[in-house]
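Visitor: What follows is each chain in one-letter form.
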Amino acid sequence: MTAQHTRTHSIDVSSILQGQKNTDQPLEPCIKVENLNLFYAQKQALHGVSMEMPKKKVTAYIGPSGCGKSTLLRCINRMNDLVDNVTIEGRVLLHDENIYDKSVNVAALRRRIGMVFQKPNPFPKSIFENVTYGLRIQGINDKRILEETVENSLRGAALWDEVKDRLNDNALGLSGGQQQRLVIARAIAIEPEVLLLDEPASALDPISTLKIEELINELKEKYTIVIVTHNMQQAARVSDYTAFMYMGELIEMGTTSELFTNPRKKQTEDYITGRYG
Amino acid sequence: MITTWFKSGTPWVWLNAAAVSACLIMVIGVLGLIVVRGVGHFWPSEIVQFTYQEEDGQIKTLIGEHVDTSITPAEMAKSTGHIMAEDEDTLVQYLLKTGNRDVTRNDFRWILERNVKQHQTPPELMVVERREWGNFYGRLLAVKENGTIIAEGADAWPLAQSRIEDALAVFSEIAHLEKKEVGAINYRLEQLRLEQKKLQLEKRWDAAAEQRLAVERAELEVTYKKYQAQLTELYQKIRRDSLLAQTGSGQEVQIPLAKIVRVFQPNTMGLFDKIGHYGIKLVEFLSEDPREANTEGGIFPAIFGTVMMVIMMSIIVTPFGVIAAVYLREYAKQGFITRLIRIAVNNLAGVPSIVYGVFGLGFFVYILGGNIDQLFFPEAAPAPVYGTPGLLWASITLALLTLPVVIVSTEEGLARIPKSIREGSLALGATKLETLWLTVLPMASPAMMTGLILAVARAAGEVAPLMLVGVVKMAPTLPLDGNYPFLHLDRKFMHLGFHIYDVGFQSPNVEAARPLVYATSLLLVLVIVGLNLSAILIRNHLREKYRALEG
Ligand SMILES: Nc1ncnc2c1ncn2[C@@H]1O[C@H](COP(=O)(O)OP(=O)(O)OP(=O)(O)O)[C@@H](O)[C@H]1O
Ligand SMILES: [Mg+2]
Numbered sequence: 032m033t034a035q036h037t038r039t040h041s042i043d044v045s046s047i048l049q050g051q052k053n054t055d056q057p058l059e060p061c062i063k064v065e066n067l068n069l070f071y072a073q074k075q076a077l078h079g080v081s082m083e084m085p086k087k088k089v090t091a092y093i094g095p096s097g098c099g100k101s102t103l104l105r106c107i108n109r110m111n112d113l114v115d116n117v118t119i120e121g122r123v124l125l126h127d128e129n130i131y132d133k134s135v136n137v138a139a140l141r142r143r144i145g146m147v148f149q150k151p152n153p154f155p156k157s158i159f160e161n162v163t164y165g166l167r168i169q170g171i172n173d174k175r176i177l178e179e180t181v182e183n184s185l186r187g188a189a190l191w192d193e194v195k196d197r198l199n200d201n202a203l204g205l206s207g208g209q210q211q212r213l214v215i216a217r218a219i220a221i222e223p224e225v226l227l228l229d230e231p232a233s234a235l236d237p238i239s240t241l242k243i244e245e246l247i248n249e250l251k252e253k254y255t256i257v258i259v260t261h262n263m264q265q266a267a268r269v270s271d272y273t274a275f276m277y278m279g280e281l282i283e284m285g286t287t288s289e290l291f292t293n294p295r296k297k298q299t300e301d302y303i304t305g306r307y308g
Numbered sequence: 065m066i067t068t069w070f071k072s073g074t075p076w077v078w079l080n081a082a083a084v085s086a087c088l089i090m091v092i093g094v095l096g097l098i099v100v101r102g103v104g105h106f107w108p109s110e111i112v113q114f115t116y117q118e119e120d121g122q123i124k125t126l127i128g129e130h131v132d133t134s135i136t137p138a139e140m141a142k143s144t145g146h147i148m149a150e151d152e153d154t155l156v157q158y159l160l161k162t163g164n165r166d167v168t169r170n171d172f173r174w175i176l177e178r179n180v181k182q183h184q185t186p187p188e189l190m191v192v193e194r195r196e197w198g199n200f201y202g203r204l205l206a207v208k209e210n211g212t213i214i215a216e217g218a219d220a221w222p223l224a225q226s227r228i229e230d231a232l233a234v235f236s237e238i239a240h241l242e243k244k245e246v247g248a249i250n251y252r253l254e255q256l257r258l259e260q261k262k263l264q265l266e267k268r269w270d271a272a273a274e275q276r277l278a279v280e281r282a283e284l285e286v287t288y289k290k291y292q293a294q295l296t297e298l299y300q301k302i303r304r305d306s307l308l309a310q311t312g313s314g315q316e317v318q319i320p321l322a323k324i325v326r327v328f329q330p331n332t333m334g335l336f337d338k339i340g341h342y343g344i345k346l347v348e349f350l351s352e353d354p355r356e357a358n359t360e361g362g363i364f365p366a367i368f369g370t371v372m373m374v375i376m377m378s379i380i381v382t383p384f385g386v387i388a389a390v391y392l393r394e395y396a397k398q399g400f401i402t403r404l405i406r407i408a409v410n411n412l413a414g415v416p417s418i419v420y421g422v423f424g425l426g427f428f429v430y431i432l433g434g435n436i437d438q439l440f441f442p443e444a445a446p447a448p449v450y451g452t453p454g455l456l457w458a459s460i461t462l463a464l465l466t467l468p469v470v471i472v473s474t475e476e477g478l479a480r481i482p483k484s485i486r487e488g489s490l491a492l493g494a495t496k497l498e499t500l501w502l503t504v505l506p507m508a509s510p511a512m513m514t515g516l517i518l519a520v521a522r523a524a525g526e527v528a529p530l531m532l533v534g535v536v537k538m539a540p541t542l543p544l545d546g547n548y549p550f551l552h553l554d555r556k557f558m559h560l561g562f563h564i565y566d567v568g569f570q571s572p573n574v575e576a577a578r579p580l581v582y583a584t585s586l587l588l589v590l591v592i593v594g595l596n597l598s599a600i601l602i603r604n605h606l607r608e609k610y611r612a613l614e615g
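Those protein sequences? They're chains G and W, same order as listed.
Just so it is clear: in the first sequence, position 256 is 287 by the numbering used here, and no numbers are missing.
Just so it is clear: in the second sequence, position 317 is 381 by the numbering used here, and no numbers are missing.
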């Protein structure tokens, strides 16, 4: 989304939010980030970020491009470990357990924290194989279980009706929106606790975007969801909490309605009203 | 004007086009030459009877195939000692394949066109392809049975045909018995001898073992006797008949049927007969063993050896190259050392192949093979088993030679796999190994196949190192046969490339062998194309399957 785009629509945000019900249940934090600093070689990309993401809620990260949203998200399932020369300081707790502890089995951790990337990245295998990939890695080869999971996950990702007749076709033959829903299905097939979505709708048309947003609304019944988005209305529509980041720092975090209607910081206000380039 | 022409880029386009055309012309030229020369070899050409006046005035009758014509300018002819008349500008010479090496000592000769008094193509002239002494050209006089004439004149030809057919049947029976049955017995006997020696070396040679081996030997002996009797009978049968024939100069020659491969009268053959004959010769070329110091017969063992060696090489080089590339690209910490290794690998690709041959001989054959012999085959000493050039060492040497291309292309393939795919797999809880195994390697498989294609193309055409590590002029047995353990990696083998060299340059009869060189070259090219084509088909299939994501 360009800044232009954001500006023209930013007025609508509060009206969207008014429709949202404000349930005040006691919150149980699922993920806690404590004083996280991250360096790509010499360059610091995150500056002392601390935040809590409540269980079975949707938390959105917003902020201008390059501010470190993806970087922070990727810290939660240790995806940044794959980057060369990266240094990470601080802690990320999943249910009070530091995921950066030496004893943590990263592969097992990633099974609990699923991730969907900005660009759909299905494997060049059949749709069926894509969805069952995670299960097969866990050694589950029972055909009945696999078939059941495929159907449930694809239904969960609102893709079942479109692909049920061609499960053995190559996943690369699907449209971009279908591919994105497929990778979501792939992620929920292994039943993680947390789902990290990095701009899941950025490459999609409005209808696919809508489907994905509906999907997120359904998925939060079962999963804790963290979503990165550039689209402020999207953040307003789907999230319960919003964090605004700027230049690697967490500027402000709060319930979505509060952050959009009554930002505490000037920077946040400037951003959500579209005064940033 | 001219500068704008230059600036327009037209000359550059022309230059490129010219370079491409030059390449194409060269490729087509090479292929065209070997196709034309190689394909024509099996066509039955007509036999001409020349009435020829030798330089000393004597009139002779020569019979043979007209193979080649050479036209020399008068000046040059004079300088090589020919006497030229005033009005002659050129000296025209014919190369005749006159055959009959047993009578005339050589089967080719040049004649001068001006001395040819007459030439005809009488229908009764025949060609006899023999197992010894090359072709015979002449006329059939009679068919003999046990030394007495049973048919003469017009009756002789049909009878000769049917008798030869019978004789060929007997011959193939003999060949089968000797090679397969008796060969197997000899193989078993040799195994028993080795077993006995092994037991003796291990100090386990006792009465029981002796008895057991003796029983087995006796059994083999009995079967051998049986085959021996059969063979004697067959030999008697095949030696019974012979042909009586006459050469151009009137000399009478007796040709035993046992030595005859086929007879035919090319001057009476119609187009379809000739096509049939061509087909038969082609099948013989592809499926039979060579005869007469490789200059006649087929080249099946060489085809088999080449294909076998290439397949073995592929089986060895692929896992090694892939594992090395995976380590270099996926596991090793990128830096000075990996750069150094890459440079070394690339340079390895530039080392002359004969150096690999020397290395293979010195390291694989003598050191590795020698040690294997000492450790596992002490009973065979002093005869080496693996301590001598053979199929295994040749395959390994060529695998080493082609390792760099496999490593380089696999690495390129691995590098091309988008990071997003790896991350997708890791994010689902796969370990690095699982990601590699389930996703990255299958996606890189087309690149591995590309490497293998290059490796095959290089390996199939290599000759120099093979001469040191396993190829021979004439291998008595194929590396794959019916005797346990079926695949004999220690055996020496024949190879098309070496066959070309051997036939073309080492043969006593270069003239006769030349068409064969072209035919064999053509076949070598076809074999390589075939091997490559199958690899390319597999690769395209894989590409289709793992149609890579862009970006
Ligand atoms: N692998 C990397 N190596 C070095 N620097 C990186 C790497 N990944 C990201 N960065 C830098 O870290 C900063 C944060 O990047 P990040 O991808 O988190 O931004 P983002 O907020 O997700 O932006 P966008 O909205 O454009 O996706 C950027 O300045 C970026 O250049
Ligand atoms: Mg990002």
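It is worth saying that the hints were derived from the structure and are not from the lab.
One or more hints might be untrue.
With a cut-off of at most 30 Å between alpha-carbon atoms, the simulated DSSO-like pairs for lysine-lysine come out as follows [stated by the list, open to error]:
{"id": "1", "chain 1": "W", "residue 1": "Lys483", "chain 2": "G", "residue 2": "Lys251"}
{"id": "2", "chain 1": "G", "residue 1": "Lys133", "chain 2": "W", "residue 2": "Lys496"}
{"id": "3", "chain 1": "G", "residue 1": "Lys133", "chain 2": "W", "residue 2": "Lys609"}
{"id": "4", "chain 1": "W", "residue 1": "Lys483", "chain 2": "G", "residue 2": "Lys74"}
{"id": "5", "chain 1": "W", "residue 1": "Lys397", "chain 2": "G", "residue 2": "Lys195"}
{"id": "6", "chain 1": "W", "residue 1": "Lys483", "chain 2": "G", "residue 2": "Lys195"}
{"id": "7", "chain 1": "W", "residue 1": "Lys483", "chain 2": "G", "residue 2": "Lys133"}
{"id": "8", "chain 1": "G", "residue 1": "Lys150", "chain 2": "W", "residue 2": "Lys483"}
{"id": "9", "chain 1": "W", "residue 1": "Lys609", "chain 2": "G", "residue 2": "Lys150"}
{"id": "10", "chain 1": "G", "residue 1": "Lys242", "chain 2": "W", "residue 2": "Lys397"}
{"id": "11", "chain 1": "W", "residue 1": "Lys496", "chain 2": "G", "residue 2": "Lys150"}
{"id": "12", "chain 1": "G", "residue 1": "Lys74", "chain 2": "W", "residue 2": "Lys496"}
{"id": "13", "chain 1": "G", "residue 1": "Lys63", "chain 2": "W", "residue 2": "Lys496"}
{"id": "14", "chain 1": "W", "residue 1": "Lys609", "chain 2": "G", "residue 2": "Lys174"}
{"id": "15", "chain 1": "W", "residue 1": "Lys609", "chain 2": "G", "residue 2": "Lys74"}
{"id": "16", "chain 1": "G", "residue 1": "Lys174", "chain 2": "W", "residue 2": "Lys397"}
Visitor: Which numbered conditions among the earlier hints are violated in the structure presented, ordered from lowest to highest?
Guide: Of the numbered hints, 3, 5, 10, 15, 16 do not hold.
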